[in-house]
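Novice: Listed below are the residues making up each chain.
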Amino acid sequence: MSLDEYILELRHISKTFPGVVALKNVNMRVRRGEVHALLGENGAGKSTLIKILSGYHQPDKGGEILINGNPVAFRNPKDAMDASIHTIYQELTLCPHMTVAENIVLDKQDQFKGFMQKKREYQAIAAQALEDLGQHEIDPNRLVKDLSIGQQQVVEIAKAVTSKAKIVLMDEPTSSISQNDADRLMDIIRGLRASGVAVIYISHRLHEIGGIADRITVLRDGELVGTVNKDDVSEKELITMMVGRELLKVYPKREVPIGDVVLKVEKLASGELLKGISFDVHKGEIFGIGGLIGSRRSELLETLFGMRQITAGKISLNGKEFHPNNPRQAIKHKIAFVTEDRKKSGLVLCLPVYENINLVNVQQPSFAGYLDWSKFKAIANTHRNTLNIRVSSIEQIMSSLSGGNQQKVALAKWLDFSPEVIIFDEPTRGIDIGAKTEIYSIMGELAARGAAIVMVSSELPELISVADRIMVIQDGRMKGIVSKEEASQELVMSLATQKTQQPVYTSTGGDRP
Amino acid sequence: MIQAQTKPGVSTTSSIIWNLIIRYRTVLILILLIIVFTLLKPVFIRPLNLLSILKNMSYVLIAGLGMTFIITLGGLDLSVGSIAAVVGVGFAMLVRGEFMHALPALLIVLIAALLLGFFNGVVSVKGKIEPFLVTLATMFMYRGLALTLTAGKPVPIVIEKFVKMFGNGTLFNLIPTPVVISMVVLLVSWFLFTQTKFGFYVRSIGGNPEAARVAGIDISSVKIAAYTMNGGYAFISGLILAALMNSGLPDVGSTLALDCIAGVILGGTAISGGVGSIWGTLGGCLIMATLNNGMSLLGAQYHVQILVKGLVIILAVLMDNGLKSRQR
Chain A
1 MSLDEYILEL
11 RHISKTFPGV
21 VALKNVNMRV
31 RRGEVHALLG
41 ENGAGKSTLI
51 KILSGYHQPD
61 KGGEILINGN
71 PVAFRNPKDA
81 MDASIHTIYQ
91 ELTLCPHMTV
101 AENIVLDKQD
111 QFKGFMQKKR
121 EYQAIAAQAL
131 EDLGQHEIDP
141 NRLVKDLSIG
151 QQQVVEIAKA
161 VTSKAKIVLM
171 DEPTSSISQN
181 DADRLMDIIR
191 GLRASGVAVI
201 YISHRLHEIG
211 GIADRITVLR
221 DGELVGTVNK
231 DDVSEKELIT
241 MMVGRELLKV
251 YPKREVPIGD
261 VVLKVEKLAS
271 GELLKGISFD
281 VHKGEIFGIG
291 GLIGSRRSEL
301 LETLFGMRQI
311 TAGKISLNGK
321 EFHPNNPRQA
331 IKHKIAFVTE
341 DRKKSGLVLC
351 LPVYENINLV
361 NVQQPSFAGY
371 LDWSKFKAIA
381 NTHRNTLNIR
391 VSSIEQIMSS
401 LSGGNQQKVA
411 LAKWLDFSPE
421 VIIFDEPTRG
431 IDIGAKTEIY
441 SIMGELAARG
451 AAIVMVSSEL
461 PELISVADRI
471 MVIQDGRMKG
481 IVSKEEASQE
491 LVMSLATQKT
501 QQPVYTSTGG
511 DRP
Chain B
514 MIQAQTKPGV
524 STTSSIIWNL
534 IIRYRTVLIL
544 ILLIIVFTLL
554 KPVFIRPLNL
564 LSILKNMSYV
574 LIAGLGMTFI
584 ITLGGLDLSV
594 GSIAAVVGVG
604 FAMLVRGEFM
614 HALPALLIVL
624 IAALLLGFFN
634 GVVSVKGKIE
644 PFLVTLATMF
654 MYRGLALTLT
664 AGKPVPIVIE
674 KFVKMFGNGT
684 LFNLIPTPVV
694 ISMVVLLVSW
704 FLFTQTKFGF
714 YVRSIGGNPE
724 AARVAGIDIS
734 SVKIAAYTMN
744 GGYAFISGLI
754 LAALMNSGLP
764 DVGSTLALDC
774 IAGVILGGTA
784 ISGGVGSIWG
794 TLGGCLIMAT
804 LNNGMSLLGA
814 QYHVQILVKG
824 LVIILAVLMD
834 NGLKSRQR
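Sequence order for the protein chains is A and B. The opening position of the first sequence corresponds to residue 1 in this note's numbering, with each subsequent residue numbered one higher. The opening position of the second sequence corresponds to residue 514 in this note's numbering, with each subsequent residue numbered one higher.
Among the hints, a few may not be true.
Claimed, not checked - Output of the computed footprint for chain B on chain A, the stretches with three or more beta carbons under 8 Å from beta carbons of chain B:
1) 341-348
2) 362-374
Claimed, not checked - Okay, derived cross-link-like pairs now, DSS-like style, lysine-lysine, Cα gap no bigger than 30 Å in a straight line:
3) B/K822 <-> A/K334
4) A/K344 <-> A/K78
5) B/K710 <-> A/K332
What the hints assert, rightly or not - Under 8 Å between C-beta atoms, here's a sample of chain B residues computed to sit facing chain A:
6) Q708
7) K710
8) N721
9) A724
Please keep in mind that the hints were generated in silico from the structure rather than gathered at the bench. C-beta atoms are modelled at their ideal positions from N, C-alpha and C, and glycine is treated no differently.
With the rest of the complex left out, here is chain A (with noise of 0.2 Å):
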């Protein structure tokens, strides 16, 4: 191979921790100007990868990073920024409080001589940037605390272009915008490889990267499996090469008997957000919520959940009119909430798994607020074993659990007192097929014991696959129901652009209320 077709080359890259090995003899090249996509489950190395090409971890000996074929070695991440590597990550890393402008010249101060700030050239700067990737309606002026995440990536790749990168790491960079904001950034990505850029993409989102990726590299259990070309495979292959199994379905079927109606909710509205949503899910029924980002579906979940005010409309369970103030009323009554963001509000990470697993259920009363851990113990370790999670033990730190696992831990906390309605937040953000599709089969499960299950989801295949009647609305207001057999993803789509007035409901899709 010449030495300039590749850009990047990694050699029998290992990584041993204290007691875990995480990357085993990995080797895999980068050509100049291409998108690769980097997949595998969680837990198969893939983040220690990206930190070992950031510059935050470095590989164990024997290990060799090659770029324009001249070996490396990066300390620490400022080494890897000046080899002309830029990492986005997942949380992005951005002063919320400081312009887009100053954002993008942050780590280029060195450029500018003197002591005093030249606001000028920082503008200048970042509006060439902006106009280079074809984004002019982001004002360098604005504090990137009013963008939407979207724009805040657009920003944190202008950052990278500025950096004059040649290889940018991509980490799930789409798990947190919207469809419209992801495909701009297909196109920048697009504008990115025609520059000749090589574009390093993580993503779990196949379809993603069957339109975007050039070669694929799968790892798994932190050992490479191979490097494809994006068109000799098809999807399924490529989720056999990641779980290493074929999987027979990704969204397992199972009917479950449709009973009476548990959650009822009528022209309910919290102050402006919210406004006149009615629907009803009954017994078994999985109920899926649908719409962009910012159409305001993670408050109609909080409302119900008390954590918001209602301040029109109601909500009954079973017949009974209910007014939560606050999440313990609403647990109360039986209703369950997995939240969008297990990290932020579903979990104690510096908790051991045992304890965030029985959060809810120490609540329950006890003689004197004492607490018998070897029955909470014995509680965490049925849920370990019914819903696999894959722990070494259950008084490991919560932290050091992947994503798959953190959500199946966020899952069990509210198994033990019964739910009747559970409300999901996204169930499978950030997390693997294999993990999803356990997910998704007890949430099935959990419908079949009887439960009503509501579900907001940002993927329209998850959706529609799972959800029996979906629910769109477009800025806190609702925009109609349309039934499992009905809905396509160009209709849900629709529903949450349009800017109809009546709301649209399907034959089968409900009572009009």
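Since the structure of chain A is provided, determine the placement of chain B on it from the hints.
Specialist: Relative to the frame of chain A, chain B by itself:
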């Protein structure tokens, strides 16, 4: 974090040793200090001297145990020293000239201390103000209260029984009563912290308030309860101080809050909340008290002592960070 850690099984001997070192670091430092001081000054290791270490640290340990809850909760309470002063002064004034019997006086002062703690909690929770700011303010307010009550003068306590019970008495003619009291408080605190719902709520709220809220835990009540309880810890601490001094001093305990915070931090409780240890606080307070005692025996002046104390805190935290990054 390291995702592959979920795989069970493998752990090397060196990682086990490091984990042990990290786990028992306070004990190791303590043993080291004891060895050094014993070598330099053999009188250090005599039982009577060791007991005097325990006695001298008793009120700091008690305040530190309360502070362990507060810091684990993600909060801070700078006002404990001032509350302790109000307690001593209040009690001394109530029993002066046989105005009142000791028992009802104790009860009144206890309620006052709990109310002062409650005030900290309510203002911080309901007013949505950082506990640092609230207790900084109440530190001044409560100190002002103690000074105003006595016009700045000490109030002698003549009840011998009280002085014996909380200060200079001994159990079995050997163990000073403040040591006994602090050990009882230690055990009760350990039970509360590890075996009850309250302790669990404190840890989960400190670890992630949002997750605790979604799980249905009443964050406001737990916080207010913790600050109120801390008033109770300051009460016991204040009684011991008053008994040791034979009087209610309005300016007593001015460094109590910072001393006990130092002990708590040395014990491995995270200032960011969520992770705390009762035994760690015992260890941390022992380290500080051992240093004080040892240096006094060596003839070091107070000025030098506090300089060394500060240095030890920095070194301990540096070592902590070093060990933890090594663990990773």
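Novice: The structure should be examined with respect to each hint, and the outcome stated for every one.
Specialist: Structure-based check of all given hints:
1. 341-348: holds (count 5)
2. 362-374: It holds: at least three residues are needed, and the stretch 362-374 of chain A offers 8 whose Cβ sits within less than 8 Å of chain B.
3. B/K822 <-> A/K334: violated, 53 Å
4. A/K344 <-> A/K78: Judged against 30 Å, a Cα distance of about 29 Å means the pair holds.
5. B/K710 <-> A/K332: holds, 18 Å
6. Q708: This hint holds: B/Q708 lies near chain A, its Cβ roughly 6 Å from the closest one there, short of 8 Å.
7. K710: holds, 4 Å
8. N721: holds, 4 Å
9. A724: holds, 5 Å
Hint 3 alone, counting from the list given before, is not met by this structure.
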